[in-house]
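**Student:** Here's the letter readout for the chains.
Number of protein chains: 4
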Amino acid sequence: MDTKLNFSSDYTRAAHPAILSRLADTAELSMPGYGTDPICESAKNKIRAACNCPDAEVFFLTGGTQMNATVIDSILRSYQGVIAADTGHISTHEAGAIEFGGHKVLTIPHSAHTAPGKLHPADVARYVETYANDANHDHMVMPGMVYISQPTEYGTLYTLDELNELSNICHANALSLYVDGARLAYALASPANDVSLEDLARLCDAFYIGGTKCGALFGEALVIPRPNYIPHFFTIMKQHGALLAKGWLLGLQFDVLFTDGLYENVGRTALGYASEIQAAIKSAELPLYFESPTNQLFVVLNNRQREYLESKVDISFWEQLDESRVVMRIATSWSTAREDVYKLLEILAGMK
Amino acid sequence: MDTKLNFSSDYTRAAHPAILSRLADTAELSMPGYGTDPICESAKNKIRAACNCPDAEVFFLTGGTQMNATVIDSILRSYQGVIAADTGHISTHEAGAIEFGGHKVLTIPHSAHTAPGKLHPADVARYVETYANDANHDHMVMPGMVYISQPTEYGTLYTLDELNELSNICHANALSLYVDGARLAYALASPANDVSLEDLARLCDAFYIGGTKCGALFGEALVIPRPNYIPHFFTIMKQHGALLAKGWLLGLQFDVLFTDGLYENVGRTALGYASEIQAAIKSAELPLYFESPTNQLFVVLNNRQREYLESKVDISFWEQLDESRVVMRIATSWSTAREDVYKLLEILAGMK
Amino acid sequence: MDTKLNFSSDYTRAAHPAILSRLADTAELSMPGYGTDPICESAKNKIRAACNCPDAEVFFLTGGTQMNATVIDSILRSYQGVIAADTGHISTHEAGAIEFGGHKVLTIPHSAHTAPGKLHPADVARYVETYANDANHDHMVMPGMVYISQPTEYGTLYTLDELNELSNICHANALSLYVDGARLAYALASPANDVSLEDLARLCDAFYIGGTKCGALFGEALVIPRPNYIPHFFTIMKQHGALLAKGWLLGLQFDVLFTDGLYENVGRTALGYASEIQAAIKSAELPLYFESPTNQLFVVLNNRQREYLESKVDISFWEQLDESRVVMRIATSWSTAREDVYKLLEILAGMK
Amino acid sequence: MDTKLNFSSDYTRAAHPAILSRLADTAELSMPGYGTDPICESAKNKIRAACNCPDAEVFFLTGGTQMNATVIDSILRSYQGVIAADTGHISTHEAGAIEFGGHKVLTIPHSAHTAPGKLHPADVARYVETYANDANHDHMVMPGMVYISQPTEYGTLYTLDELNELSNICHANALSLYVDGARLAYALASPANDVSLEDLARLCDAFYIGGTKCGALFGEALVIPRPNYIPHFFTIMKQHGALLAKGWLLGLQFDVLFTDGLYENVGRTALGYASEIQAAIKSAELPLYFESPTNQLFVVLNNRQREYLESKVDISFWEQLDESRVVMRIATSWSTAREDVYKLLEILAGMK
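Chains as they are written, first to last, in the working numbering: chain A, 1 to 352; chain B, 1 to 352; chain C, 1 to 352; chain D, 1 to 352.
Hint data in this document are derived by calculation from the structure and do not stem from the laboratory.
Be aware that a few hints might be false.
Calculated pairs, EDC-like style, for lysine to aspartate or glutamate (alpha carbon to alpha carbon, straight line, at most 16 Å) [said to hold, decoys possible]:
#	chain 1	residue 1	chain 2	residue 2
1	D	312	D	340
2	C	4	D	28
3	B	4	A	28
Can you make the complete structure from the sequences, with help from the hints?
**Tutor:** Spelled out as structure tokens, the structure:
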């Protein structure tokens, strides 16, 4: 349909062929409702195995904002808020879904220059300590949870050391640690990454494995490593409008994604291409906003360069840097085609 | 997979073959996000045409509870509640989703014997009048909307006269009228029905056309006949976690359902079989709980009869009538197979 | 100012003279804010002593609806609702304050004829059992608390046996038991009453001792018998706008009310007069709606009688019984004057 | 009771003698409930006159957080948030009361160095423009209101020009303008102030006149200049637990405060003393954090100076400036005594 090159985002395509083909085969299926079916059970077991966490509870929801709002509301008490980077998805692009549930997002500035999108463990520790020492803290929102995304909204990664540190700070201060993994496949596949699913299950109280941006049509898988950490989560999902009648639709997609390492594979493809493109940007002597370890690349362009590149390729506007320069995002995904990458590399080479 | 006869509900099967096949063809699709795509636009236009309401706004959400919670919260002001039958889905089986949004469900008893599941227009009028005349009404929840379902949770139907009357009462009293059409296909196809999509668009402020139980994998289509009746509904959807990233998935399904009259067809099949089964129940001299005009049939069985029937067919427990008798529900759907109906008719004949 | 006899309600007058005089003496007072002062501490200790519950936590709030909304929201989890009589104050006259906090009020019909305003323990047990046995209960609001008022909105009383039974049912089913004591002084002073403050502290998880209708200018005292039953209640009060800057204002009033048995005394005066008036109603052969054990009396009048009585005395309309008869409420209070009672008795005698 | 000098805050004392004496005279009063009484009506009329706004609606609530939460929730639509300085009371010290109502506080940094506590009109304009131009703004919280406090939490003042500018920006962008006047008396009495009650009524959509910190025992008066700007505010108050049964208690206090210019007088006393103390701080060569135009003074002390001053006077810790220096707040009020000021001036003189 669209014949222009498209590197604008990682959710413009339907789903991995293996998922589409499995879906096409469901004409004769008859399944009980609300995720109480054997396909979901199979998918859950594969995820438990991948996380090396046999007791984990796994739930499937339909999207990231829904997931974040439902999980955060279910863990926090009414008087608690959630700490997040000011660039965190829940702080910026969820239309107040967390506040709709009654909770404040307690923002800490990200490190725009050194680690865009990331929450410094030291900053979290300081925040919690300042709150504890404030004589008026009974009049303030109590931090009850830390929210991070892996990779972040800027495609950056927390290291295992940082995750360990965050986990220690959280658990020493009775905070829950929750990780938004909307693009987790692209973290897991990054050569720069040293945080495994098993690490997440060991260090977090809840995290989700993104499907929508990682090869599925839609759907996200919540992992709660310690069973009953969130009592009655099923009812909470229902109350939040997050319980799909034909829950097996979600189970089926994750069952495919967690068969034969497909989830890591979809990430690996995207990362390989991203790495080639990032190299081409450097060769073309176009400045990177920062060096990206995952599938989202950020390049600084002047107006003429932007106009030229956008005439050839769909990419995303990210930020106005100053009067004459913008940051643009180039995203690869599980669906990026070899030939499209070649074309983009050529275009970039021509911009030198 | 399941070889026992299954008449337990209308959402145990995947989707109409036309939808599965269209989905299987999406491998090469590239679409913008959040329902801003041409497939959604096409589906919306077909729905507008079917409703004879060219200016209607149409939005696609993923499920019924999500739809009800989002629409009701978006229309009501903070101090208003929604009038519903005490058997209404929002009163009973949505885990408090309406109250989560801050609104009381103001229940009126349904007419268990004469019109199960239905709200009498006269009862609504009396409720509103009593509220208006109560000297303390400023200390009470103000009714701001009437919620009905068509067909109701019992499969019964509002007549056009009743809908007219409800619409008049609502609009004379500054109430919105909202219709939950989770199973609307089965109403539209019923010989007993005289309410068209066009009537709904003319008489209601919002209503939804159910997909999940009517041939789709998932999805419901909200119709707002008068544009801008709910300002910023897109953002409200986002805030409620009800905005699907790949919104075209929903548009695609409704595009198929509203092509060549498929939506009415899926209802017609189910209704034809339901009628045959209801006749067979009567022939078998098994008492009906009441005569049903749609795809859900309610039969009264003693314990021995129940045990026998359940050994042959999956059906749903509905209600304990007294010590020795229960009401059981038999549901047909768009996916009911001719041969399964034959088998059920035989079983019923043997129960005489 | 108003020279007509006034038996319309128990909150038309300012406060007991002992409170007014103590307030007039505060010109030189300097107190820390938010209830952290020695006057509040003194009042709390007197209440703890009166309840024979030395470890109880006590908090002062400004009104009944605020109290109910804050306490119920603080105890319930997001997916839970509160069981109440359909005549309960939270069900009818709090403008949806409980739903504003996200919780459903799960109503059970009161026994209009045998015990108006009361929740039968057996009905609560049946409700909880029905919920537990319902195969769909994960899609329903989970009952998390029972709310009763003592005396009820009709002035009736729970017996100690009933309270014991409710407490047992609640605690066997993981429900909290909360008692709204807006008019508690009138219960404690009733000859028909066998439930003491000590019983309430032993059997409930939280209850409040009403001030506004029982001799104070304003204010209600929450008693939480087991410390830390509601963690961070101070912050929850703040979040609900229920934390008074000069909290000592409330402490001072309860300090007076719980000195030298004043709280019981204010009830006793009202009850004595109520009993005389109720006797006069019977002598006048005016039908009682039911025999009341506390300070609210309910008399059935025809239109002529109503007109006559209202020309002489301010009383409250309660209910339209049928075309020609109404139920009217006559209320005494801590402030009822001897001479006003005489006048009313004469008027009633003249109606024979 | 407390014999140490106390300049710690402006709400440690009871109320102006004129209020205490009027309260002591209420023993024989009989008033209808919920603010529907003639005393409230009288107070409202005096406030309307003082604002030169005869059509204004006036409501009395019991405290500032309650007021802010109730007003903000009543004006905003569910998908809207409120813009405030990051130092605004609603951003910091209301325990998430705004978020409890479902709304995000959209913070803009105050100008710590040039105008502490204040929101720059230009910053508000930029925020609104950035929102409007953001291609993703439908996924973001829509700003629906601007909240400022006059004086601010730092005691600084908006000029009439600034208020005009804010009002223009708001109304050009469909935002409401709401002013928190918890300490309004101290603004009105400041020689530096050029914003009158009449200006507030002309330029704002809602503002409140603080009582608790300005001579009353408790209570705040909301002014809504254009009638019906907030429909059903009475019911909204009830829903928020903000409706006092004996509303006349609040009316009475404002009736006194708005008789014979008392409200301005209480401010004037405090401001005169504050000015003397600020001069003494300068004479003592103690650095001011900034020059304050109202009753809150901010002085920078090293640890030794702090220890010394706190041994003589109760003052408030405000901020840790660096390792060795703190900012401390000295507050005067309507109740500050001449002789206490003399003693403080002497102490300060001795610190040179």
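**Student:** If a hint holds in the structure, say so; if it doesn't, say that too.
**Tutor:** Each hint tested on the structure:
For a cut-off of 16 Å, the pair hint linking residue 312 of chain D to residue 340 of chain D stands: about 11 Å separates their Cα positions. For the proposed pair residue 4 of chain C and residue 28 of chain D, the alpha carbon gap of about 13 Å is at most 16 Å, so the pair holds. The straight-line distance between the Cα atoms of residue 4 of chain B and residue 28 of chain A is roughly 13 Å, inside the 16 Å bound, and the hint therefore holds.
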